[in-house]
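Student: Sequence:
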Amino acid sequence: MVSSGRPPGSNAASAWARATDWTLDRIIGLPQGGRTGAVAWICGFMIVIGAVDYATGTRVSMGFFYLVPVALSVVWLGLGAASITALGSWGVRVAADLTDAPDAIHETWLWWNSASALLTYFSVIWILDALIQLHRQLEQRVRERTEELERETQKRQQVQRELLELSESERSAMGRELHDQLGQHLVATAMAAQVLAQRLHGRDENGAREARKIADLVEQGIAQTRQLARGLLLERVEPERLKSELEELCAGLRQQFPAVECVANVETPVALRDASRAAQIFRIAQEALRNACRHGRAKRATLTLRAEGGDLLIVVEDDGRGLPPEAERNEGMGLRIMQHRADHLGSNLIISAQRGRGTRVMCLVPLAAPTRFPNET
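For the sequence shown, the working numbering assigns the number -2 to the initial residue and increments by one for each residue that follows.
If you're looking for bench data, these hints aren't it; they were derived computationally from the structure.
One or more hints might be untrue.
To be verified - Restraint-style ranges between C-beta atoms, simulated for each label pair:
| no. | residue 1 | residue 2 | range |
| --- | --- | --- | --- |
| 1 | A37 | G88 | 54 to 60 Å |
| 2 | S111 | A52 | 14 to 20 Å |
| 3 | C40 | L116 | 19 to 25 Å |
Computed from a prediction, not measured in an experiment: that's the story for all the values here.
No residue lacks a Cβ here, since even glycine has one placed at the ideal position from N, Cα and C.
Could you build all of it, start to finish, from the sequences and the hints given here?
Tutor: Right under this line is the structure:
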């Protein structure tokens, strides 16, 4: 099981924080009708509370309930409107008490209670306004951090795209060099060896035989060079040809590395429609298989490509020496480029290996997800 690295209770804390933010957003947001609707709601609360206060008289204190329109005024309309609401609530409360007990106008308790209520209203206004300002400051900081993170993410994606473009450019340049220069040079060498074998035929059979061997070896080199050049120059892979391209890749690796049995198990048909995504999948499989054959000291390397729900699963396994522990692993450019390609496909590259027990490279590619860089091939 892979640990998420979060402390216990963090999910509950995150849920509570999200619920709190949602509640605050709903409360702070103006009701339907905007400021006019807010004024109507506040006046309605004051009228209802005042009517109940009048009905109950001085026997039941309704002072606490006047905090509702006062608090809503702070949230919806600001300090000025809240101060007016506080004074209005105070006036309604005093009027309700005097209506029930007219003689209380000369009583100290009435004015003491009224002054205490007014002080409470203004204290609540100050506290709520401070909390709202703090909430808005935090929202602003979150927006700024989010924008900064988005900018950094865009920069990272740009670097990844440039790295992939550079990789493709270097591959194409190497492929052209192999095909146009080394390939032609090897062809000329093979022809010279064949001419030499013909000239030695009948005069020096041993020399002629050795010349033919040289020609055969050079022709094998020509075939391998063409295979390498073809793989390097392959910029697009049509989805319907992905299976055959992967099988040809394994066949070419078997020729290049005769000691390694390289096998492709590819589901037919491959449920892909995008040639650029098919090309990235081919490159991931190509790099993983070459690592297994060239560096892994494997005797067998297997490529599996099949549908897995709504995704496409790529697995490359070998029985080689494996990779050292992650802490001791020095990831080369190939592994990093494979990871960038997986990121480009909206996937993660998972490499599991133990020293002496082989390596397993897995990539689960969403079929429906678009590539992160649409112009990338």
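Student: State for each hint whether it applies.
Tutor: Now the hints, each set against the structure:
1. A37 to G88: 54 to 60 Å: Since the Cβ atoms of A37 and G88 sit about 19 Å apart, the hinted range of 54 to 60 Å is violated.
2. S111 to A52: 14 to 20 Å: holds, 19 Å
3. C40 to L116: 19 to 25 Å: holds, 23 Å
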